[in-house]
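So the sequences go chain by chain: C and H.
Just so we're aligned: the first sequence equals residues 50 to 160 in our numbering.
Just so we're aligned: the second sequence equals residues 16 to 127 in our numbering.
Hints may be right or wrong, so weigh each one.
[As the list claims (entries may be wrong)] Sample of chain C residues lacking proximity to chain H, with all beta carbon distances greater than 10 Å (derived):
{"no.": "1", "residue": "Val93"}
{"no.": "2", "residue": "Ala117"}
{"no.": "3", "residue": "His124"}
{"no.": "4", "residue": "Asp132"}
{"no.": "5", "residue": "Arg144"}
{"no.": "6", "residue": "Asp146"}
{"no.": "7", "residue": "Lys147"}
[Stated by the list, open to error] Cut-off 20 Å, straight-line C-alpha distance, at most; resulting in silico cross-link-like pairs (DMTMM-like, lysine to aspartate or glutamate):
{"no.": "8", "chain 1": "C", "residue 1": "Lys105", "chain 2": "C", "residue 2": "Asp132"}
{"no.": "9", "chain 1": "C", "residue 1": "Lys100", "chain 2": "H", "residue 2": "Glu115"}
{"no.": "10", "chain 1": "C", "residue 1": "Lys147", "chain 2": "H", "residue 2": "Glu16"}
Just so you know, these hints were derived from the structure itself, not from any lab.
Backbone N, C-alpha and C fix where the C-beta goes; we use that ideal spot for every residue, glycine too.
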Amino acid sequence: GQQVMQIPQYQHVQEGEDFTTYCNSSTTLSNIQWYKQRPGGHPVFLIQLVKSGEVKKQKRLTFQFGEAKKNSSLHITATQTTDVGTYFCAAYMNRDDKIIFGKGTRLHILP
Amino acid sequence: EAQVTQNPRYLITVTGKKLTVTCSQNMNHEYMSWYRQDPGLGLRQIYYSMNVEVTDKGDVPEGYKVSRKEKRNFPLILESPSPNQTSLYFCASRPAGYYEQYFGPGTRLTVT
Chain C
50 GQQVMQIPQY QHVQEGEDFT TYCNSSTTLS NIQWYKQRPG GHPVFLIQLV KSGEVKKQKR
110 LTFQFGEAKK NSSLHITATQ TTDVGTYFCA AYMNRDDKII FGKGTRLHIL P
Chain H
16 EAQVTQNPRY LITVTGKKLT VTCSQNMNHE YMSWYRQDPG LGLRQIYYSM NVEVTDKGDV
76 PEGYKVSRKE KRNFPLILES PSPNQTSLYF CASRPAGYYE QYFGPGTRLT VT
């Protein structure tokens, strides 16, 4: 079936360093959403990207949607301990009317 | 407060003993889904429902049943649980035409 590949699976960074997670698809996506799941918590919606080349920012978080709408990234500038968690991308597959999740990137912050 | 609730939050059971995990949302959302989350495998969709009495299989439906008799409720039924169904389960909902999903707090199920 259709898949959304997310890398890396794990990332350890020193507090204050930047972090990026990537999602890639072999097919064109209608849109893509990003979620954050804190340890022990449930996924919480962060943002949705719809347009080709779209860039959105939320404080230290920058989200991008590729020009071909086949990839997306989430970049965190100057990580803080509150950024710890797993970040998921999720893409809406128009043909199947389904939302497919990437496997997530678990971010661990070293103090 | 707009929310998705799940019960129970934690459950330990034995192989073969039927169980139901309830899910309810108060946002009048059309779409509801069940996911299971396992280490290294991310969130995998079990079943979803587009509206009352309309359900469809997700990626890992084997061993599960669902029903959608009311718009707000979407229970997950395990007729004969097995140890490989030990997992963290999430219910989620969203309105038709929108793709932001609201997740419940999760149900941690252990089948021995």
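How the hints compare with the structure:
The beta carbon of C:Val93 sits about 7 Å from the closest Cβ of chain H, which is not more than 10 Å, so the claim that it is off the interface is violated. Non-interface status of C:Ala117 relative to chain H is upheld: no Cβ of that chain comes within 10 Å, the nearest being about 20 Å off. At roughly 20 Å from the closest C-beta of chain H, the C-beta of C:His124 stays outside 10 Å, upholding its exclusion from the interface. The beta carbon of C:Asp132 is kept farther than 10 Å from every beta carbon of chain H, the shortest such distance being approximately 19 Å.
The claim that C:Arg144 is not at the interface with chain H holds, since no C-beta of that chain comes within 10 Å of its own (minimum 14 Å). C:Asp146, annotated as away from the interface, has a beta carbon of chain H within 10 Å; the closest lies near 8 Å. For C:Lys147, the requirement that its beta carbon stay farther than 10 Å from each beta carbon of chain H is not met, with the minimum near 7 Å. As the CA atoms of C:Lys105 and C:Asp132 are separated by approximately 18 Å, the hinted pair is consistent with the 20 Å bound.
For the given pair, C:Lys100 sits about 16 Å from H:Glu115 by alpha-carbon distance, which is consistent with the 20 Å threshold. Distance restraint check for C:Lys147 and H:Glu16: the Cα-Cα separation of roughly 27 Å exceeds the 20 Å cut-off, and the hinted pair is therefore not satisfied.
Hint check: violations occur at hints 1, 6, 7 and 10; the rest are consistent with the structure.
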